[in-house]
Amino acid sequence: MTNMIDIINVKKSFGDNHVLRDVSLSVRKGEVLVILGPSGSGKSTLIRCINRLESIDGGTIMVEGEDIYSPTSDIHKLRTKVGMVFQQFNLFPHMTVLDNLTLAPTKVKGESKEASERTALALLEKVGLKDRAGAYPHELSGGQQQRVAIARSLAMHPDIMLFDEVTSALDPELVKGVLEIMKDLAQGGMTMLVVTHEMGFAKEVADRVIFMDGGYIIEESAPKDLFENPQNERTKEFLAMIL
Amino acid sequence: MSLGFRPDLLVDILPELLRGARITLELTIISVALGTLIGLVVGVCRVSHLKILNVPAALYVEVLRGTPLLVQVMIVYYGLPGVGINLGQMPSGILALSLNSGAYVAEIFKAGIKSIKKGQTEASFSLGMTYGQNMRYVILPQAVRNILPALGNEFIALIKDSSLVSVIAIEELLRRGMIVYSRTYNAWTPLLGVAMLYLCMTVPLSRVVAYLERRWEIND
Ligand SMILES: Nc1ncnc2c1ncn2[C@@H]1O[C@H](COP(=O)(O)OP(=O)(O)O)[C@@H](O)[C@H]1O
Ligand SMILES: [Mg+2]
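Chains U and F, in that order, give the protein sequences. To convert, take the position in the first sequence, counting from 1, and add 3; that gives the numbering used here. To convert, take the position in the second sequence, counting from 1, and add 1320; that gives the numbering used here.
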């Protein structure tokens, strides 16, 4: 089995709003996939389907070969394999940074407090925030909070990481630090799906870029090809608008 | 003898009224504790997506809030013995007050839980937590913090509402006042004393609530 994720003919609508009309996509182990598309084109919905934060109306999604929408699948266990980082950080505000990182490992995986704290501190060191372990989220800048959120996901040792416009809510000067961490992760072999408008990141780090619009993936290629030689009219328009 | 305010009488009956105030506080504290427990359970059921939980919870709230507390007190005290359950005065009073308060507290918990942003639950779920783990470790600790002022107000309301159990002859504050009245034929003095003692209990509490609200606004 070589694919980490297989999305097969997935359909999803909110009422009359057909957000995903027919989407198929496979992601290999270690691949970094960047998802582009105008606002409202279903990028968030698509990646939220990958850990079943949304229901789907048709099709199949397999994570590491397991059908995650099958009634017999253990969704909580599957979700531990898929980390997710949100635009709004979503840290737990009533807990310290360290507790944010150790909550799920201890409660979900049954790790000991000591072991989970060791992992947490190592991860905080990696994201440059070891000295803030005892701080509360509101005491941190947005960029720091997002780095904590990434570390919190990594503390579950996921095989796949999903990033949904994780730098969009940050002041420009804080974006770089977060992107650096994502780049490190990518170089470490993490399988990543990244929704972003950071074209520099896409060009430098992505193995493949897809462009979504109108409920379909309408273009898919290596970043260089997509940026330098887009085939679809709507891709061209979109790139002209944001570049 | 004067039927107006008599300071000498007030001094005489104050110890008696204070004994009543003590019963009022006992009733209220126990009922608030039980009511909060009931409210927590019913409130969590209320926000559940499972019909088997949220329908009975909604019904509970509807019935307990839609009928007078006075009627509930009487049903527990005079009605339940008819089906073989004879609790006695104090337990009947506590039961009725707790069940009633539980309904209001359930709505407070429901609002508190709903006030927590959806992103919190999504973060929990994406980390593999179950519904119950998310509720217990992420949602409720934040919700409780937000609803502390409302719970304080419920405490104040219950201090006042507990006067209704005087109808089943529990010698709480109001009942004590009425006993003095029937003995001395002076209503003005004991009832003024009663009102004053209620104020002595509610005013400090409302200060605490105001403080909590202020702190809450700052943290927001
Ligand atoms: N929970 C929801 N309920 C109803 N409509 C939704 C919901 N989530 C997203 N949508 C709609 O689905 C469409 C796609 O949204 P989204 O996936 O967030 O797009 P993107 O991330 O590409 O901007 C939008 O029109 C949005 O309004
Ligand atoms: Mg989005």
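Bear in mind the hints are in silico, worked out from the structure with no lab data behind them. We put the beta carbon where it would ideally sit given N, CA and C, even for glycine. One should not assume that every hint holds.
Claimed, not checked - Partner residues aside, some chain F positions facing chain U, computed with beta carbon under 8 Å:
no., residue
1, Gly-1324
2, Phe-1325
3, Ser-1446
4, Gly-1448
5, Thr-1450
6, Gln-1462
7, Arg-1465
Unchecked claim - Derived list of chain U stretches under chain F, where covered just means 3 residues or more per stretch with a C-beta under 8 Å from a C-beta of chain F:
no., region
8, 20-29
9, 153-163
10, 170-179
Claimed, not checked - Residues of chain U placed beyond 10 Å of chain F at every Cβ, according to the derived structure:
no., residue
11, Val-85
12, Met-87
13, Ala-118
14, Glu-128
15, Leu-242
In terms of Cβ atoms, is chain F entirely out of 10 Å range of Glu-128/U?
-> 21 Å, holds
Close enough to count: is the Cβ of Gly-1324/F nearer than 8 Å to one in chain U?
-> 56 Å, violated
Distance rule for Ala-118/U, whose beta carbon must clear each one in chain F by more than 10 Å = 17 Å, holds
Verify the interface restraint on Arg-1465/F: the C-beta must sit less than 8 Å from at least one C-beta of chain U.
-> This hint holds: Arg-1465/F lies near chain U, its Cβ roughly 7 Å from the closest one there, short of 8 Å.
Verify the coverage statement for the region 153-163 of chain U against chain F, using a C-beta to C-beta distance below 8 Å and requiring 3 or more qualifying residues.
-> holds (count 3)
Is the nearest Cβ of chain F still more than 10 Å from the Cβ of Met-87/U?
-> 4 Å, violated
Have a go at the Ser-1446/F hint: is there a Cβ in chain U nearer than 8 Å to its own Cβ?
-> 4 Å, holds
Report holds or violated for the interface hint on Gln-1462/F, using the least CB-CB distance to chain U and a cut-off of 8 Å.
-> Since the shortest Cβ distance to chain U is 5 Å, the answer is holds.
Report holds or violated for the interface hint on Thr-1450/F, using the least CB-CB distance to chain U and a cut-off of 8 Å.
-> This interface hint holds because 6 Å falls under the 8 Å limit.
Quick check: the region 170-179 of chain U, covered by chain F? Criterion 3+ residues, Cβ under 8 Å.
-> violated (count 0)
Minimum Cβ distance from Phe-1325/F to chain U below 8 Å?
-> At about 51 Å, which exceeds the 8 Å cut-off, the nearest Cβ of chain U leaves the hint on Phe-1325/F violated.
Would you check whether the claim that Leu-242/U is not at the interface survives, using Cβ distances to chain F and the 10 Å cut-off?
-> 30 Å, holds
In terms of the numbered hints stated before, the structure departs from hints 1, 2, 8, 10, 11, 12, listed from lowest to highest.
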